[in-house]
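Just need the whole structure built from these sequences, with the hints factored in.
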Amino acid sequence: MTAVQFLLNGKPCSEDSAPPSMTVLDWLRTRARLTGTKEGCAEGDCGACTIVLGREVDGSLRFQAVNSCLMMLPQIDNRAVFTVEGLAAADGALHPVQQAMIDTDATQCGFCTPGFVMAMFAFHHGGEPADSATVHEALAGNLCRCTGYRSIVEACRRVAQGPADRFVAEAPVLAEKLASVPPCTDYRCGTQTFLMPRSLDALFAAMEQHPSAILLAGGTDLGLRVSKDREALPAVIALEGVRELRHVTTGADAIEFGGAVTYSEILPHLDRYFPSFGALVRRIGSRQIRNLGTVAGNLATASPIGDSIPCLLALDASVKLMSRAGERVLPVEAFITGYRKTALAAGEVIAAVRIPFLAAGRKFSVYKLSKRFDQDISTVIAAFRLERLGGKVQELRAAYGGMAARAMRAVALETAVKGRPWEPAWLPDIETLLARDFTPIGDHRGGAAYRLRAAAGLLRRFQFETSSNVPVRVEAL
Amino acid sequence: MNEPLARTRGGVHAAVRHDSAVGHVTGAARYLDDVPSEPSTLEAALVLSPHPHARICRIDLSPALAAPGVGGGP
Numbered sequence: 001m002t003a004v005q006f007l008l009n010g011k012p013c014s015e016d017s018a019p020p021s022m023t024v025l026d027w028l029r030t031r032a033r034l035t036g037t038k039e040g041c042a043e044g045d046c047g048a049c050t051i052v053l054g055r056e057v058d059g060s061l062r063f064q065a066v067n068s069c070l071m072m073l074p075q076i077d078n079r080a081v082f083t084v085e086g087l088a089a090a091d092g093a094l095h096p097v098q099q100a101m102i103d104t105d106a107t108q109c110g111f112c113t114p115g116f117v118m119a120m121f122a123f124h125h126g127g128e129p130a131d132s133a134t135v136h137e138a139l140a141g142n143l144c145r146c147t148g149y150r151s152i153v154e155a156c157r158r159v160a161q162g163p164a165d166r167f168v169a170e171a172p173v174l175a176e177k178l179a180s181v182p183p184c185t186d187y188r189c190g191t192q193t194f195l196m197p198r199s200l201d202a203l204f205a206a207m208e209q210h211p212s213a214i215l216l217a218g219g220t221d222l223g224l225r226v227s228k229d230r231e232a233l234p235a236v237i238a239l240e241g242v243r244e245l246r247h248v249t250t251g252a253d254a255i256e257f258g259g260a261v262t263y264s265e266i267l268p269h270l271d272r273y274f275p276s277f278g279a280l281v282r283r284i285g286s287r288q289i290r291n292l293g294t295v296a297g298n299l300a301t302a303s304p305i306g307d308s309i310p311c312l313l314a315l316d317a318s319v320k321l322m323s324r325a326g327e328r329v330l331p332v333e334a335f336i337t338g339y340r341k342t343a344l345a346a347g348e349v350i351a352a353v354r355i356p357f358l359a360a361g362r363k364f365s366v367y368k369l370s371k372r373f374d375q376d377i378s379t380v381i382a383a384f385r386l387e388r389l390g391g392k393v394q395e396l397r398a399a400y401g402g403m404a405a406r407a408m409r410a411v412a413l414e415t416a417v418k419g420r421p422w423e424p425a426w427l428p429d430i431e432t433l434l435a436r437d438f439t440p441i442g443d444h445r446g447g448a449a450y451r452l453r454a455a456a457g458l459l460r461r462f463q464f465e466t467s468s469n470v471p472v473r474v475e476a477l
Numbered sequence: 001m002n003e004p005l006a007r008t009r010g011g012v013h014a015a016v017r018h019d020s021a022v023g024h025v026t027g028a029a030r031y032l033d034d035v036p037s038e039p040s041t042l043e044a045a046l047v048l049s050p051h052p053h054a055r056i057c058r059i060d061l062s063p064a065l066a067a068p069g070v071g072g073g074p
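Sequences listed follow chains S and R, in order. So the first sequence is numbered by the numbering used here: it starts at 1 and just counts up by one. So the second sequence is numbered by the numbering used here: it starts at 1 and just counts up by one.
Just so you know, these hints were derived from the structure itself, not from any lab. Some hints here could point you the wrong way.
[Stated by the list, open to error] Which stretches of chain S does chain R cover? Using the computed rule of at least three CB atoms under 8 Å from a CB of chain R, they are:
1) 86–95
2) 194–201
3) 327–333
[What the hints assert, rightly or not] Far from chain S, by Cβ distances over 12 Å, these chain R residues were calculated:
4) V35
5) T41
6) A44
7) L48
8) R55
9) S62
Just so it is clear, CB atoms sit at the ideal spot from N, CA and C, and this is done for glycine as well.
Structure below.
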């Protein structure tokens with residue numbers, strides 16, 4: 001067993017006596033006594049616990065904001081961890097982000113402020129434009145309940161245009177320090193084990209040794225079991241460091257990416273090949289969540305409202321499952337077998353997800369209805385892939401989430417529209433057809449009747465958008 | 001007329017900096033949850049009535065007192 005080692009606000013830090021299921025937030029607050037990082041919701045929603053992780057990339061650091069409340073301690077191994085206490089210079093001079101928050105009067109009770117400061121710190125280092133959409137996206141993972149966002153957004157704009165901070169010069173030095181420390185692959189404390197294999201071979205060995213271990217990809221779902229339920233998970237195997245699971249390959253007819261690739265990492269590719277999928281991913285959690293969460297994890301969780309699943313169903317994606325015995329490829333449709341149930345067998349891992357490119361003339365769009373635009377759970381989500389031939393429907397793949405115990409295709413609808421003209425004339429039948437496919441539940445997000453009507457409405461929107469030359473995205477208004 | 005106005009500091013139309021702003025942005029501001037509790041601190045948990053409108057006739061503390069680590073009743 002080895003210790004978890006990382007840099008905390010630039011200083012080398014080693015931990016070997018904290019349980020692996022202790023959250024990074026709890027470790028910071030109770031062990032390091034750095035209480036600037038706050039616990040608000042403890043479920044990755046409010047962003048008060050936001051810290052920034054620096055990962056060594058090409059001799060420098062890449063900065064990413066994450067929710068420390070959802071992370072287990074060993075997940076920060078070999079990272080440069082930055083908290084709100086570490087931004088001001090040794091002489092007390094404030095970081096430009098901190099100064100901007102003061103100058104724009106962007107604090108009131110101040111409880112959310114450290115989280116905002118850290119989200120802005122990551123944004124400051126991201127080299128992105130400071131337009132409204134980007135600033136809003138960068139801050140969508142942080143909630144403020146008193147000041148209001150106008151002044152906070154203004155602070156973020158100001159620093160985006162400001163000069164480079166001292167961390168730009170420090171990053172290569174910190175990166176070198178990180179590179180000189182071997183990563184921890186096996187962390188144990190008491191009866192708990194946390195393994196971080198670096199290769200598929202080591203992963204399979206770990207899985208054989210600990211058959212009941214839980215696989216952790218980004219942990220944005222699993223993290224709730226430690227942050228909310230305070231479970232002392234006996235054995236966890238983290239996939240993040242497995243090098244074979246980190247690839248993104250674009251072939252002639254499909255894109256394939258590994259099981260440990262995060263939403264943030266795949267997003268630029270989705271933007272390029274499936275822009276509507278990319279736009280949807282920006283509404284999955286927040287940046288803090290997307291910097292940790294993975295598409296493969298979303299599949300393995302198999303939630304009926306896992307937002308990437310309807311997209312993958314409509315796009316006819318497949319998963320590559322690997323085990324010591326070999327590999328097999330399953331369509332996503334066959335992989336998701338029920339409510340939070342998948343075809344993943346013991347000893348298997350999702351090695352890759354493969355999405356075929358859209359053939360010429362095919363249209364793909366996904367629509368998400370939720371109470372809040374950002375960072376909310378879908379009430380209904382619909383993804384459509386359409387192929388027309390001479391004005392008629394050659395093939396429609398219509399996949400829905402939030403309509404059944406699992407995300408699934410509307411087969412009755414798909415069959416009925418095949419060969420029909422792609423025009424509004426037949427659209428009045430949609431409700432009847434969808435009622436054959438789905439018997440949705442009614443809950444606090446929406447009644448059963450609402451879900452059916454909304455599901456039909458989304459198809460009408462898709463028909464309208466694909467039949468008009470003018471792009472009509474309500475989201476863009 | 002102009003002279004007293006020019007001497008006025010703060011007041012209407014002048015931004016006043018939040019007293020705790022520096023504490024907020026540096027994480028130094030202390031909230032109750034940031035204060036470490038003493039090792040012997042007792043914790044209390046509320047037991048709420050399951051009935052919206054009822055009279056409390058008596059309270060049986062024995063199961064609560066029998067729970068491990070319970071410090072004492074009222």
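Tested hints:
By the rule of at least three residues with a Cβ nearer than 8 Å to a Cβ of chain R, the coverage given for the stretch 86–95 of chain S holds, with 3 such residues. Judged by the Cβ-Cβ criterion of 8 Å, the stretch 194–201 of chain S is not covered by chain R as claimed, because only 0 of its residues qualify and three are needed. Evaluation of the coverage hint for the stretch 327–333 of chain S: breached, as 0 residues show C-beta separations to chain R shorter than 8 Å, against a requirement of three. For R/V35, the requirement that its beta carbon stay farther than 12 Å from each beta carbon of chain S is not met, with the minimum near 9 Å.
Residue-level check passed: R/T41 sits 14 Å from the nearest beta carbon of chain S, beyond 12 Å. Every C-beta of chain S lies more than 12 Å from that of R/A44, the closest at about 19 Å, which supports listing it as non-interface. Non-interface status of R/L48 relative to chain S is upheld: no Cβ of that chain comes within 12 Å, the nearest being about 21 Å off. Every CB of chain S lies more than 12 Å from the CB of R/R55, the least distance being 33 Å, so the non-interface label holds.
The claim that R/S62 is not at the interface with chain S holds, since no C-beta of that chain comes within 12 Å of its own (minimum 27 Å).
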